[in-house]
Structures are given as C-alpha cells and as structure tokens.
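Colleague: All chains should be built: construct the whole structure from the sequences, respecting the hints.
Quick note on this note's numbering: the sequence shown kicks off at 1 and runs consecutively.
I should point out that these hints are in silico values taken from the structure, not numbers from a laboratory.
This list has only true hints and no planted wrong ones.
Simulated pairs of lysine-lysine, DSBU-like, Cα-Cα distance not exceeding 30 Å:
{"#": "1", "residue 1": "Lys-64", "residue 2": "Lys-26"}
{"#": "2", "residue 1": "Lys-46", "residue 2": "Lys-34"}
{"#": "3", "residue 1": "Lys-34", "residue 2": "Lys-64"}
{"#": "4", "residue 1": "Lys-46", "residue 2": "Lys-64"}
Distance ranges between label pairs, derived from CB positions:
{"#": "5", "residue 1": "Ala-65", "residue 2": "Arg-30", "range": "25 to 33 Å"}
{"#": "6", "residue 1": "Cys-23", "residue 2": "Gly-102", "range": "46 to 54 Å"}
{"#": "7", "residue 1": "Ala-35", "residue 2": "Leu-107", "range": "34 to 42 Å"}
{"#": "8", "residue 1": "Glu-135", "residue 2": "Gly-58", "range": "49 to 57 Å"}
{"#": "9", "residue 1": "Asp-129", "residue 2": "Asp-43", "range": "55 to 63 Å"}
{"#": "10", "residue 1": "Cys-115", "residue 2": "Glu-56", "range": "49 to 57 Å"}
{"#": "11", "residue 1": "Lys-101", "residue 2": "Tyr-136", "range": "17 to 25 Å"}
Quick caveat, the model's predicted, so the values are computed rather than measured.
All C-beta atoms, glycine included, are put in the ideal place defined by N, C-alpha and C.
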Amino acid sequence: MQISQEPSASIGGDGERQECAGCKKKITDRYLLKALEQFWHEDCLKCSCCDCRLGEVGSTLFTKANLLLCRRDYLRLFGSTGYCSACSKMIPAFEMVMRVKGNVYHLECFACQQCNHRFCVGDRFYMCDNKILCEYDYEERMVKCSSSSSSCSSSCPPPFNSIHSAVSSSVLR
Numbered sequence: 001m002q003i004s005q006e007p008s009a010s011i012g013g014d015g016e017r018q019e020c021a022g023c024k025k026k027i028t029d030r031y032l033l034k035a036l037e038q039f040w041h042e043d044c045l046k047c048s049c050c051d052c053r054l055g056e057v058g059s060t061l062f063t064k065a066n067l068l069l070c071r072r073d074y075l076r077l078f079g080s081t082g083y084c085s086a087c088s089k090m091i092p093a094f095e096m097v098m099r100v101k102g103n104v105y106h107l108e109c110f111a112c113q114q115c116n117h118r119f120c121v122g123d124r125f126y127m128c129d130n131k132i133l134c135e136y137d138y139e140e141r142m143v144k145c146s147s148s149s150s151s152c153s154s155s156c157p158p159p160f161n162s163i164h165s166a167v168s169s170s171v172l173r
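Modeller: The following block contains the structure:
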C-alpha cells in the first residue's frame, strides 16, 4: 500500500476534523493519512512491530491481520524463505533453517535421507546426489559403488566432512 498525502484533507465532508487512530486527538495537520480505513497523524502511523514511522511520503506499508507493518517486518512475519529441499513445503521467513550448498531445510527435515537419522551438533553429514546422508550411509554407498562391476550411477563427491554445528536464521533484513 502506498501512502499518499492530500493537502487540506484533515477536515471531513461534514466540516469536522478527523480523529487520529493512533493518539485519538483531532488532526489539524495540513496532511491526513488513511490506513486500515482510519485516519492518522504523520507521526502516529507506525509499524506495529518495530515502531518505525510509516507516514513519510513514498513510504510503503503493509497491512495484515489488522496490523500496520513496514516491509521488513511484513516479510519477516509473512514472507517465505523458499521451499524445503527435503519435503518441498514452504518455509516461512521467521523459521530457523539449515542451509547446505544452496539447499534450505526445515530443522525437522534436516536428517539423513536414507535412514532418517537426526543429526546432532558435531555429526558429520555428506551431500550425495543432492541428498543429505549420514556418515554410515555415505560409506555404505561408497562401498557399493566401489565393489560394483558396473559403473555406479551416483555421482558423489569425496566427503567434504561438513560438521553440523549451527542453525541459521533466515529473517530478512
């Protein structure tokens, strides 16, 4: 929603001055702002989360669930980080995620995609054919590939020994 300011708009059609939805005082300013079907002083129109001013010319504000939000807070609360590489479901922007080589995962989906073993801090994991594998399943796959008389279809790089030790926040800024 773009904010527009109109001169002499603080007087309603009946000659009465409008009341500010923020401070409940009459608006006597030259400009009148309208958001959520209510009128606001320039200084009273603020983000419901961070209190940053939304009443400046050219500012963009978002409304959802009867909240006034700046762009950053709207994306943080209602935006999306993308889709989980394991379950293909959307990941909200406020959710904590794990990232590996350009892939993003819900924390609960970040597990070996062969045996579903959940990783603990310090566990090694490997990316093979764009799938996360625990150390055991990775080694099993490598043994099968090396003992197979035909060429193995998987193109797994040598282990890069990544250590799962931190959770990433995907909050947009």
